[in-house]
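Number of protein chains: 2
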Amino acid sequence: MALYLTEDQVNNLLTMEIALESLDKVFRARSEGEVGNIPRARLPIGRGSYNLMAASWPKAGIVGHKSYAAGAGGASFHVMLYGTNGEGLLAVIEANRMGQVRTGAASGIATRYMAREEASSVGIIGSGYQAETQLEAVAAVRDIKSAKVFSRTAERRNSFADRMSERLSIDVQPADSAEAAVQGVDVIVTVTNAVDPVLTGEMLDHGVHINAAGGNSWMRRELDTHAVAMSDIVATDDIDQTRIECGELMRAAETGHFSWERLIRLDRIVRGLRQGRTQPGDVTLFESQGVAFEDLAVCNTLLHMARKQGVGTELPG
Amino acid sequence: MALYLTEDQVNNLLTMEIALESLDKVFRARSEGEVGNIPRARLPIGRGSYNLMAASWPKAGIVGHKSYAAGAGGASFHVMLYGTNGEGLLAVIEANRMGQVRTGAASGIATRYMAREEASSVGIIGSGYQAETQLEAVAAVRDIKSAKVFSRTAERRNSFADRMSERLSIDVQPADSAEAAVQGVDVIVTVTNAVDPVLTGEMLDHGVHINAAGGNSWMRRELDTHAVAMSDIVATDDIDQTRIECGELMRAAETGHFSWERLIRLDRIVRGLRQGRTQPGDVTLFESQGVAFEDLAVCNTLLHMARKQGVGTELPG
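Protein chains in written order, with the numbering used here: chain F, 1 to 317; chain X, 1 to 317.
The set of hints was computed from the structure by calculation and includes no laboratory data.
The hints are all genuine.
Here are some chain X residues the structure puts well away from chain F; computed CB gaps all over 12 Å:
no.: 1; residue: Thr15
no.: 2; residue: Asp24
no.: 3; residue: Glu155
no.: 4; residue: Asn216
no.: 5; residue: His257
no.: 6; residue: Ser259
no.: 7; residue: Gln275
DEER-style ranges, computed between Cβ atoms:
no.: 8; chain 1: F; residue 1: Ile244; chain 2: X; residue 2: Glu117; range: 46 to 54 Å
no.: 9; chain 1: X; residue 1: Asn96; chain 2: F; residue 2: Asp143; range: 49 to 57 Å
no.: 10; chain 1: X; residue 1: Met1; chain 2: F; residue 2: Trp260; range: 40 to 48 Å
no.: 11; chain 1: X; residue 1: His206; chain 2: F; residue 2: Ile244; range: 41 to 49 Å
no.: 12; chain 1: F; residue 1: Gly310; chain 2: X; residue 2: Asp8; range: 20 to 28 Å
no.: 13; chain 1: F; residue 1: Gln309; chain 2: X; residue 2: Leu273; range: 52 to 60 Å
no.: 14; chain 1: X; residue 1: Pro44; chain 2: F; residue 2: Glu202; range: 46 to 54 Å
no.: 15; chain 1: F; residue 1: Ser259; chain 2: X; residue 2: Gly272; range: 49 to 57 Å
no.: 16; chain 1: X; residue 1: Asn96; chain 2: F; residue 2: Ser259; range: 44 to 52 Å
no.: 17; chain 1: X; residue 1: Asp8; chain 2: F; residue 2: Ala72; range: 35 to 43 Å
Cβ atoms here follow ideal geometry from the backbone N, Cα and C, with glycine treated the same way.
Construct the entire structure; sequences and hints are all you get.
This is the structure in structure tokens:
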């Protein structure tokens, strides 16, 4: 019998620690060649798009996909898991909250393996739905003491700072510009839907780690070409998807400021096959694409937890 | 609220007539540019494969996908439908029976627009799960009086002949070779998983219409190159998918016996933009790929019927 998990049930089961552990495992498995992945495909619909991405992890016994219809009225996300040994459908999981946590966790994994060990401060540009889990994830892998947040609306950045100060028990302050938010910090997170760059090379100090986690589209850029060119190590969760969706790297490559040969798969860094940082002064950049095998890994963990705890609704059939 | 439909519920709702009507509509819509389609993508799993294909039809208010894990233990198919105007998930539909009927119906539509009007006999090679709906669909669009069936196991072709004679009230006879099954018939159906051709050019008479509906893989061929070369009109439900999955056309093209420029989209024939047959003596060939927009169209109809009749289970969430 297949299990249906609602957003509320997922929210009760899922913690950042669980997501980080699931992603660490699946990145290692991927570096062993155990994981298959199909990059996001899109179909335009009315005022939005329909998105579909899939992955397989036969050694863990699972294969599946995430689909979502995103439009003016918000988005509706679902993950379906199938067994790889003839079990058929295992689960349908509402995946809005799940996606928010796994996207944070992907930046957490990158930060774990790429940022300086002693990193203690974060500057975050963007204060939307995805920003909370970004900060939470970074704080889960480094001993973060303080953070600064900038977004265009003062009210929203103030509210984010208050909320996250309390939730993470660290000092989170609003900043009144992107420059101010990232000045002097050890880790930068960009998590915007910016069309034009919000983070420029001029704003970067040596030794900083950057998680670029904003909207995926070749039409958008969060970093300018100078910032890309300044990055000593550039990693991503999926190279195929990066080459068709990562506007800032595509632009930098097209203009001769970046070579795709330099792009490293994060799973190789997690596995220790490549270095995430060669020296303290390196600028390191993680380009987060949000990939199906990440969804699969977190949902597989959720399914096991739900089964164990008796949570969820059995589907008919 | 989204609706879940089981195989039994689908089986009770769906008839060949309904599937034919749904496909006729969606082919017309596609020829108007109203339909988007993403060809089947596959991931290998254990002893089988995981398959994912998607389509959109915003004018009908729907977008969605079909996924299935196929392996030694059978296959498990599901279609998910989303609204294109922010409605979120509309339905999860078990799609094994649905796929069987829609694949038959696609051949039915091709036969309706490509076979001679007076066609009255069918030769079918293959007697498996998909063969029944192939014959049913052809019999639904032409005044079929008789059919012959060949498959390798005598017991299975005898049982198919008995079963379908009764179900369709026509004379269905087993044949003891592929040659005998197709000799002198007006419509040929191949619906096998053959690796090597079961239908050769030598077996073809002028004026015949062929539905090639068997397994989709570039490694398989149901027709030999001579049979492809003899076909005056060659149509398919999706050109993109044909170019990566249709072994017999790929082989014929590679060896210079077929030009992709000759391949016609069935929707253009349905719409009357292209001729499905120019003269009675033409050999016409429909290469059925099985495409997501066909699933979407039939499932959309099923969903409307289920809502109207109060069938199905509301999903939580």
